[in-house]
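Student: This is what each chain is made of:
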Amino acid sequence: MSTPENDVQGKKPWRLSLDSWAVVVALLAALLVRAGVFKHIPW
Amino acid sequence: MADTVAIPQVQPVQPALRFLRIIPGVLLLAAIGYAGKLLEQNVGGYAKAHRWVFPNIEYVLWAILLGLLISNTVGVPEIFRTGVATYEFWLKAGIVLLGSRFLLGDILKLGGVSLLLVAIEIAGAIAFMTLLGRLFKLKPKLTTLLAVGSAVCGVSAIIATKGAIDADDEDSSFSIAAILALGALALFTFPLIGHYLHLGDRAYGIWAGLAVDNTAEATAAGALYSDAAGKLAVLVKSTRNAMIGFVVLAYAIYWASQGQAKVVGNKAAFLWQKFPKFILGFLLISVLATYQFFNKEQVGALANLSRWAFLLTFAGVGLRTNFRDMRKQGLRPFAVGAIGEVVIAVFTLGLVIGAEKLFGF
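Residue numbers (the numbering used here), protein chains in the order written: chain P, 236 to 278; chain L, 892 to 1252.
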């Protein structure tokens, strides 16, 4: 039977997946471009 | 003697330290990618000035070739490995940013056609790979992994399915090695076949998105042909990726009914867990671009950011491909994968040519 102590030990820390991080970083970059922080990105 | 056994304490890695560890590898990806860009600009011009006959090689291929050269000669030193593994992150961030170059109407139109083609491709590929696995007497779960890898989306699909059907580590290593080796071959053969058959950018892009397994290789195979083909390859490949949850769920239910995997409890939560979230980011950026949240210059800046992210991905594709490691995995799963891939490539080429005549895209 699981005890509260075991439950605490069994809980994994909440983490964003790689996919979600990629979305967060890309959206942040898009907002910075929109806000004019990065005006021109050369290629 | 004491009864207790000392268990070594594993110290959790601090986030700051984890961030520092990725820096050398990311710098290596950037250096190789940028070297590819410089080679594209300079080698062609130099050959022309000296009247040499030299094919015009794009930065995509240079970056992959430089990565392959390092990986298969001196190897990737330990210090760079954590950062090199971030190439998947750059790929997904690049796809989200690429959404700025698609208007929602285009996505709905092309997405509708590609969804139909993807559904036919997935059903055909799974049926054929299952038959082939039985003919070659492969283990049933290895056959499942190869079928999912070649029908849906390469390595991510294999990893997702492995957990859901309790497959062996060895089987998943076999499948991943076969899919990666075949993806590397597709990079070089698909553009040649496309040019030989005089395929248009759209038809080629859809074909690459349907038939090349791993997202990074599909993106590179498309970009090697043309910018427009690269965009379409990403769109079609993302449609395939969106199906991952449904295919993995179907296999999880099948293997659970055979008593060889855990029963899936909450199916909606399972689907959400397996769904690639970068597709939602791609759609969100596309909606914002459609409703002119970004002006023309900003769309251009986002497109360039996406190109830089892909540049790091292409360098990573070369660096993580090691032919010696692939050879160690054995011939039979590779042979099944290779036969399957050739048949799927021919089948999807027929589908695309048929759909082009029918829908006129």
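It should be emphasised that the hints constitute simulated quantities derived from the structure, not laboratory data. Quick caveat, the model's predicted, so the values are computed rather than measured. Careful: at least some of the hints might be erroneous.
Unchecked claim - Once the Cα atoms are required to be at most 25 Å apart in a straight line, the calculated DMTMM-like pairs of lysine to aspartate or glutamate come out as:
id, chain 1, residue 1, chain 2, residue 2
1, P, 274, L, 1118
2, L, 1165, L, 979
3, L, 1168, L, 949
4, L, 1165, L, 1092
5, L, 1028, L, 1057
6, P, 274, L, 1057
Student: If a hint holds in the structure, say so; if it doesn't, say that too.
Tutor: A quick look at each hint next to the structure:
1. 274/P - 1118/L: It holds: about 23 Å lies between the C-alpha atoms, which stays within 25 Å.
2. 1165/L - 979/L: 16 Å, holds
3. 1168/L - 949/L: Distance of about 30 Å is beyond 25 Å: violated.
4. 1165/L - 1092/L: Roughly 31 Å between the alpha carbons, so the hint for residue 1165/L and residue 1092/L is violated.
5. 1028/L - 1057/L: 20 Å, holds
6. 274/P - 1057/L: 49 Å, violated
In the structure shown, a violation is registered for the earlier hints numbered 3, 4, 6, in ascending order.
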